[in-house]
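Let the sequences and hints guide you as you build the complete structure.
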Amino acid sequence: MATTSQAATAVATAAYPPGHEPVHNYLKEPKGIKSWLLTVDHKRIGIMYLISVAVAFAIGGILALLVRAELFTLGPTLMEADTYNRVFTMHGIVMVFAFIIPSIMATLGNFLLPIMIGAKDVAFPRLNLASLYIYWLGMLFALSSVVTGGVDTGWTFYTPYSKETGTFVLMMGLGVFIAGFSSILTGLNFIVTIHKMRAPGMTWNRLPLFLWSVYATSIVQILATPVIGITMVLLALERALSIGIFDPALGGDPVLFQHFFWFYSHPAVYIMILPAFGIISELMGTFSRQKVYGYRAVALSSLAIALLGFLVWGHHMFTSGQSPLSSVVFSMISFLIGVPSGIKVFNWLATMFRGSVWLQTPMLYALSFLFQFTIGGVTGIMVGALAADIHLHDTYFVVSHFHYVMMGGTVVSLLGGLHYWWPKMTGRLYNERLGKLSALLVFLGFNMTFFVQFIMGSQGMPRRYYDYPDMPWMQPLHQLSTVGSWILGLGLLVVLVNGLWSLRRGKLAPGNPWGAVTLEWSYCTSPPDPHNFHRTPLVTHGPYDFHAVLGGDGAGDGHDPAPIPDVAVGAPQESVSVEDGTTQPTQPK
Amino acid sequence: MYERTEFWTEGASLWLPPQGSTTAHEIDALFNFILWTSTVLTIGVAVGIVYLAWRYRRRSPADRPVPVKESKALELSWSIIPTLLVLVVFFWGFRAYVGTSIPPVDAYVVNVKGQKWFWTFEYPTGLNTDELVVPEGQPVKLVMTSQDVLHSFYVPEFRIKMDVLPNRYTYVWFNAPARGVYQIVCTEYCGTGHSNMGGHIRVVGRDEFYEFLRTGGGDAGADLPPAEYGEQLYTSKRCNTCHTVDGTSATGPSWLGIWGQPRPGSTSGVVDDNYIRESVLDPAAFIAPGFQPQMPSYEGQLDDRAIGAIAAYIRQINGAATPADLAPPGGAAPADTLGTADAPEGGAGDPSEPVGLDEAQQNE
Numbered sequence: 003m004a005t006t007s008q009a010a011t012a013v014a015t016a017a018y019p020p021g022h023e024p025v026h027n028y029l030k031e032p033k034g035i036k037s038w039l040l041t042v043d044h045k046r047i048g049i050m051y052l053i054s055v056a057v058a059f060a061i062g063g064i065l066a067l068l069v070r071a072e073l074f075t076l077g078p079t080l081m082e083a084d085t086y087n088r089v090f091t092m093h094g095i096v097m098v099f100a101f102i103i104p105s106i107m108a109t110l111g112n113f114l115l116p117i118m119i120g121a122k123d124v125a126f127p128r129l130n131l132a133s134l135y136i137y138w139l140g141m142l143f144a145l146s147s148v149v150t151g152g153v154d155t156g157w158t159f160y161t162p163y164s165k166e167t168g169t170f171v172l173m174m175g176l177g178v179f180i181a182g183f184s185s186i187l188t189g190l191n192f193i194v195t196i197h198k199m200r201a202p203g204m205t206w207n208r209l210p211l212f213l214w215s216v217y218a219t220s221i222v223q224i225l226a227t228p229v230i231g232i233t234m235v236l237l238a239l240e241r242a243l244s245i246g247i248f249d250p251a252l253g254g255d256p257v258l259f260q261h262f263f264w265f266y267s268h269p270a271v272y273i274m275i276l277p278a279f280g281i282i283s284e285l286m287g288t289f290s291r292q293k294v295y296g297y298r299a300v301a302l303s304s305l306a307i308a309l310l311g312f313l314v315w316g317h318h319m320f321t322s323g324q325s326p327l328s329s330v331v332f333s334m335i336s337f338l339i340g341v342p343s344g345i346k347v348f349n350w351l352a353t354m355f356r357g358s359v360w361l362q363t364p365m366l367y368a369l370s371f372l373f374q375f376t377i378g379g380v381t382g383i384m385v386g387a388l389a390a391d392i393h394l395h396d397t398y399f400v401v402s403h404f405h406y407v408m409m410g411g412t413v414v415s416l417l418g419g420l421h422y423w424w425p426k427m428t429g430r431l432y433n434e435r436l437g438k439l440s441a442l443l444v445f446l447g448f449n450m451t452f453f454v455q456f457i458m459g460s461q462g463m464p465r466r467y468y469d470y471p472d473m474p475w476m477q478p479l480h481q482l483s484t485v486g487s488w489i490l491g492l493g494l495l496v497v498l499v500n501g502l503w504s505l506r507r508g509k510l511a512p513g514n515p516w517g518a519v520t521l522e523w524s525y526c527t528s529p530p531d532p533h534n535f536h537r538t539p540l541v542t543h544g545p546y547d548f549h550a551v552l553g554g555d556g557a558g559d560g561h562d563p564a565p566i567p568d569v570a571v572g573a574p575q576e577s578v579s580v581e582d583g584t585t586q587p588t589q590p591k
Numbered sequence: 492m493y494e495r496t497e498f499w500t501e502g503a504s505l506w507l508p509p510q511g512s513t514t515a516h517e518i519d520a521l522f523n524f525i526l527w528t529s530t531v532l533t534i535g536v537a538v539g540i541v542y543l544a545w546r547y548r549r550r551s552p553a554d555r556p557v558p559v560k561e562s563k564a565l566e567l568s569w570s571i572i573p574t575l576l577v578l579v580v581f582f583w584g585f586r587a588y589v590g591t592s593i594p595p596v597d598a599y600v601v602n603v604k605g606q607k608w609f610w611t612f613e614y615p616t617g618l619n620t621d622e623l624v625v626p627e628g629q630p631v632k633l634v635m636t637s638q639d640v641l642h643s644f645y646v647p648e649f650r651i652k653m654d655v656l657p658n659r660y661t662y663v664w665f666n667a668p669a670r671g672v673y674q675i676v677c678t679e680y681c682g683t684g685h686s687n688m689g690g691h692i693r694v695v696g697r698d699e700f701y702e703f704l705r706t707g708g709g710d711a712g713a714d715l716p717p718a719e720y721g722e723q724l725y726t727s728k729r730c731n732t733c734h735t736v737d738g739t740s741a742t743g744p745s746w747l748g749i750w751g752q753p754r755p756g757s758t759s760g761v762v763d764d765n766y767i768r769e770s771v772l773d774p775a776a777f778i779a780p781g782f783q784p785q786m787p788s789y790e791g792q793l794d795d796r797a798i799g800a801i802a803a804y805i806r807q808i809n810g811a812a813t814p815a816d817l818a819p820p821g822g823a824a825p826a827d828t829l830g831t832a833d834a835p836e837g838g839a840g841d842p843s844e845p846v847g848l849d850e851a852q853q854n855e
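Sequence order for the protein chains is A and B.
Residues in the first sequence are numbered from 3 upward in steps of one, following the numbering used here.
Residues in the second sequence are numbered from 492 upward in steps of one, following the numbering used here.
To be clear, the hints were calculated from the coordinates, so they are not data collected in a lab.
Bear in mind the structure is a predicted one, so any value in this text is a computation, not a measurement.
Where a beta carbon is used, it is the ideal one built from N, C-alpha and C, also for glycine.
Where hints are given, some of them may not hold.
DEER-style ranges, computed between Cβ atoms [unchecked claim]: (1) V559(B) <-> W38(A): 57 to 67 Å; (2) G791(B) <-> Q324(A): 44 to 54 Å; (3) Y542(B) <-> R128(A): 28 to 38 Å; (4) L567(B) <-> T150(A): 56 to 66 Å; (5) G707(B) <-> L492(A): 51 to 61 Å.
Below is the structure:
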């Protein structure tokens, strides 16, 4: 095993190409706001998406706090029914279309994909910038609908109500339609990138599992998103021209809208969760320092979920009046799709077996995910069971189920991923103690808000209720949930403070604070060079071959350690320590 | 007699309401099976997380774990066993669904109309009520349709639910063995009054049920003066969903301060009996300025006597009640000829004078 002095020598003698020292990173160069707004650098695009979705999340989150606050007491608490109906609708629309759909793919996906495969950028960098612009344009339309009073149809826009309501459905539908193209083009870009731009030695079997998820999600984005676009166009035509496709008075069928809507929106939930699965794979691997158990099963299950996801939309419509036979078929396939998700959870758990588990903030979020996604998954089984769903559909039980998977799952995974890749993206270390505090508050607040909602739902509390005059005895349960939302909000505030603080006062990050062995950690400075690498990397090991890359201690499998990377780290390892007294893993010797 | 007024009511468990119908236990058995297997699985995962994270915690930054040899047998078993489990749950759900959703052939049929924002129940006898009254131990089938947007008819205590659509009939059925009052809630978002669209199912003894059919549940207001009957109808027919009587505007104009007032955009000019009648039977004919066309027609739901009573009530709250409005029925009620009403002609009449209907009238 090499000694510290040898490592120091390696640092001292590693030479950066002139003009590509770590201080010339993608954040600093090129300079100026115009260079950001006209950039084709995937990393800068990822950062701009990150800021955008963070703003969307804040808006959607405030709307959520308003919803829960209104329900704190019977009768009007803060607002009247019409306002409440707009608030919960906008919460759903902003959170689904402006936040969660692009959340992981457009931020972390954009930032990491080229680096993880050893490429300079995505296959179509200008198209990538176009995706960002289109997203912004869609958001502009949605925002214009909000400032003129918003929409009150629920994010699901069911007809006939969405046809006749006086609120600004047209503007909002247009916003959704436009933003959809952003999603489609990003998916296209990513698929081509993964197929055509992998560095030498980066075989499909050496792809980090995050990228298998990104690939599967991209397929869904391309195939499913056009359907919501068409659906919004049809709704707009119905409202503006009364073409009569959904209006029974004109010979149309309101349930047809539901089929159109859910044909996209069910695959959409897999767009939301698959990238989150990918992040968890990375976190479990790195923070157990053990390869992810069952690489092939985890990779292929993502594809299985992506494809099966197109066949289950009718499970949102068991009580819609659709035929019982179709309900039976949809229920059956929905159960089958639960199996690959369950397999992943077992694989991730097994990853810790005989590993070296490091409970840093990203790992705390990952473990929260495992617990919360399990609950979300089993309650999905519950509502997939036909007879049970008759009782539970359109109640708080369903609301809690999807918040467990979307928030307890995707958002928590995103937070874990953000903390994990923060040093790489910003060149700064966040404060680990604040990070752990945020993970605790988010965990406690989230479960306090939503677990009680399962009970409220199975006791009969319907969704989208402004008030509950027929069930006044629900009030204490509502109050418990609302207080939980305040704790959750506080935890998220801590995340924001931690992030912003670190940009000014955080310690400079080394190239590989976590001891991970994927390309972004072992071959890139923190932050990366504008071109990611100085030379095309040659990949000689798998994404979780910690034992090989970090140096054997004699008890390994006999393989030689990989060559010392030709990119020196941002700061000498020995001088870097994290504030809470934990030590960083030592660099490759 | 049963009516749920608190969380911990007789028969309720932590997760489920009391079983108010004969099929509820089938749903509950499935629910409880899934609940308990899920609890075991979730606790298993939680224990696994805590144990593995503790047992294999990092002891030194130099830790280099040996790669684990993967077991195909383990991977296969945690793929196959969950698949079998979900298939069991699927079949159970399917059987219970079929078993509980087909009504018995001898079910008593009641038609249900959902509209913004109340339910109306129509019995085979032609009786229309706003509360569903049924005999205990009798299978009842509800044939439902909507007058406007999607609604959903949900009775948590019976474990029944079905969306109510404007272009079709959908149905649910139940058999309630125990007397009591059970809660109906609308559970498909339908606008402003969605959370106020509750109703009741009153399960009564057989004799009481026949009495109810005969008298219409006391809805006929046979013994009431018109104004009092109108006041009763104001709540029982859910006019109060959209109209206040204290002057504040809601979805619709308040009933206070309107009697005798001019109505712009109309040649007859004032709010009078015929305006009330027109508003009830054909509300879309004239929308008061500043309001949306939201009111459904009550054609067939309110008979002439009821419409007259509502007008009488409106007169009363506006301080314009006539002696006839306040006189108990039984004896010739002088103003009981609204059935042949035509709109009054020309300018504003004196609000304190009853709008006599023996004057020559012309339709608007």
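Evaluation of the provided hints:
1. Distance hint check for V559(B) and W38(A): the Cβ-Cβ separation is about 45 Å, which falls outside the suggested range of 57 to 67 Å.
2. Between G791(B) and Q324(A) the beta carbon distance is about 30 Å. The supplied range of 44 to 54 Å is therefore violated.
3. About 51 Å separates the C-beta atoms of Y542(B) and R128(A), a value inconsistent with the hinted range of 28 to 38 Å.
4. Between L567(B) and T150(A) the CB atoms are about 57 Å apart, so this pair conforms to the stated range of 56 to 66 Å.
5. Checked against the given bound of 51 to 61 Å, the beta carbons of G707(B) and L492(A), roughly 56 Å apart, stay inside it.
Checked against the numbered hints above, the structure violates hints 1, 2, 3; every other hint is satisfied.
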